[in-house]
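Sequence order for the protein chains is A and B.
Each residue of the first sequence is one higher than the one before, starting from 35 at the first, in the numbering used here.
Each residue of the second sequence is one higher than the one before, starting from 21 at the first, in the numbering used here.
Treat the hints as calculated values from the structure; they're not laboratory data.
For every residue, glycine included, the Cβ atom is placed at its ideal position computed from N, Cα and C.
Some hints could be false.
Stated by the list, open to error - One-sided excerpt, in silico: chain B residues whose CB lies under 10 Å from chain A:
no.	residue
1	A57
2	I73
3	S111
4	V349
5	L350
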Amino acid sequence: MKKLVVLLAALGVCFAFAGDPNTYVEQSFGDVDTLDPVQAYDSASGQVIENVYEGLYGYKGDSVTEYEPRLATSYEESADGLTYTFKLREGVKFHSGNAFSCKDVEYSIQRALVTNPPDSGAWILMEPLTGLFSDANTELGEGATDAQYDEVWATIDNSTVCLDANTVQFNLVAADPAFFSKMLFYAANIVDSEWAKANGMWDGSAATWRDFIGVDLRDYHLQNNMSGTGAYKLVAWEPGIRVVAEKNANYWGGAPSIANVVLQQVEDEASRIQALKAGDADTVALGARSSLPQVEGQPGIVVMDAAKDPSLGWSSVAVNAVFMSQEINSSDNTNIGSADLGLGIPADFFTDIHVRKCFNYAFDTDTYINDVLDGAGQVITMALPTSYLGYDANVPVYEFDLEKAEEECKQAWGGRLWDEGMYLTFSYNTGNSSRQAVAEILKSNLEYLNPKFKIDVRGIQWSQFLDERRNNRLPASIIGWIPDYADPDNYIHTFYATTGYYSAQTGFSDPEIDAIDEQARTESDPAKRAELYSQLGNLAYEKAPYILLPQGVPFIVMREEVSGYYRNPMLSGGWLWKDLSKN
Amino acid sequence: MFVFIVRRLLFLPVVFFGVTLFIILLMQFLSPTQRAATYVRSEAQLRNIDAIIEQYGLNKGPHVQYWNWLKQVGQGNWGFSKATGEPVWASFKRRFPATLELAILSFIPTMLLGVWLGSASALNRDGFIDQVSRITSIFFWSLPVFVLAIWLLVIFYGGLGWFGLGQVTTAHSLEIIKPEFQRYTGFMTIDSLLNIRFDIFLDVINHMVLPIVTLVAIQSAQIVRIMRSSLLDTLTQDFVRTARAKGLAESIVNRKHALRNAIIPIITLGGFTIVGLLNGVVITETVFAYPGMGKWLADAAVQLDTASVMAGAVFTGILVVLANMLADVLYAVIDPRIRYN
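Can you make the complete structure from the sequences, with help from the hints?
So this is what it looks like as structure tokens:
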């Protein structure tokens, strides 16, 4: 036994690594899906991409409304909003050594438009530049003629034009005030065209473009290789284990302070917290606020929490809501019981405004904030983050009030709902405990109102959740939205317009709201847009299409040796590695 | 013996087709949207679901899907693992050696400790060592893996800082990821020695200590219990009494006569233990952030990543057949009755 202890102690060499100012280590649970900026559509992948590749412009520090030039030096927008001309930075080199010029911009944007894989975020560029949404094959359908394809190619070819080696012009199909912010999304980052072509990616020509329509870019070289212009270059990615990057000594903006960046994937939260305490990780991802007490006040660890320090000004950009479907698929659907009042609900149950208002009043915001968000939550008045243009804090909200809920429910369905009762299920994807809590809160309050109200809370697997949502089989479910680009349209249109992605799924439609939304989409004066969105918010309050849930309040935990970080909600990683330093 | 081995090996193709066909058929219980879940990470992506289903051929019939998969495998392509973000074969090559290394280094002490403690407790029935080993083995056998793992982690990593998390320290991970560090075998212990990097070798061993201790503590508990009862059973049999009656020394009776017979069930169990170690290290690997197979295949199953699940099932099937074959060969070595029949 003694020998064993000696052996164990001998093996237990303590590697003090936290002191190494050259290496920054981050531990999280997210799996990088791809390193190709066009294919990527998740924050774990985005975090690597935004540090290795660059766009023409980028967000300035922690601001979502101020921008700074990256691969461009200036830009101009034409008076009609249809043309954007960018002057490009000269003397920039890719990590491969190739020189950067307009041909790379042209190639990168056109590559996104040509491939536009269905599970990617490339549609964000597709809409303003081609007027299409999906890739050419999907849009044209089977049996499309060569002439139709030629037409799409002509639009793509014309969308991005090099005026000279250092000037690029984008031609939009319709004015889009959000175009500039869409160009900040990583799908519009610039890849090294010579290097990509030499490694089996599309050659950029009209002759081969059709071979690359809608392809899975994970099968290509850019999946796990990168040649960008960013402050860091990729050393290696070991999928599911770690990503290692090192500084780009030739970075045009000056070499960054930290030499190596290591992103480690550690699934278990207890393990991550131990690593942070030991100094093996500089920062770790914490799943929920409830884990904070484990790291607060620990030596060497700094906790920055917007709930305790509002001067940080951090707010969440995630909008979560309870969706009340107005056109439920009633065929053989056990989620709505008998499909009629009494032992179920009819398919158009939620078209009655009184039902929606009753449910809104029955949601206990305080309980949600205390029990689910651990006491720190921000109520939102409309489906828009508080930091966004157009957010109006003065729009009224439905406060928890069981008397008003009862009043509304008594009026619903001409009094039949109150007399006959109802049965429906509230669904959430298993593992998501906060969504479960929302459903439980609503269940207990509604069942308290009237013993004839019966609600089942049902946890289902993610795959089944998607399936049932797609087929409109869920009467009420809880869904979230995080932004693709920093423009209110990305939320407002999605949630409120008849053709918006989420409103179309719930069957919500209101002509007055649509008119305001259309106007705001093309209005380029920010003050006027903000006014329009405020009007829209007030209207949406009256129509109560969703139950808006309070947002969580952000926080960061970091080793005290690290400085320079901030929190930009539009960056997948919150901050850029080049801005960090360590002592 | 040769015929026996060939017969067992002929069983492998049956396992291959049986297991994979079964999985493809099981997948038919899910709708195309459900099968697409692995590509759809947020509700927002649902809007393109039709194109996603089309692109990955998820609406095709099971025979088409199976044929496409077989054709690919025939060309040496096991498909793309969505769970890790690289081809299945690349994930396998990266992760299998790590798990095998861990499994072998856990298996040997598990068996030695289990057999030694089990026989010591049988031979000292109701004695001190028996009481201690019975209590500890029941304790470890009933202890959930993650509880023990987190205890060890908090004490020896977080508290004392003796052992590390992951496979190597961050400093070494920066070196082994570069092409200068040759990955000859994929086994980090061997590769670090081949690269003449004793510091990395010690570091790798250091990182394996806690996972190994966790696995050995829990796996050997079962061996102890089976070994003890098997030996107790054998000690009461006639041939043992005969051996004693012949006047043989007690140690020879125990070692040559009783032990050799009592160990047969342990060999069967050993076959299962190694399969279990290779498959069932999910929790240990997760807690210690050890980059092995278990974690990958568990993620793949949850995410309905069919390509990885199929490869994992084929691999496990082959492993079970081979481990059983090895156990059978060992029987013959140990028990002459089986050899001569």
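Which of the listed hints are not met by the structure?
4 and 5
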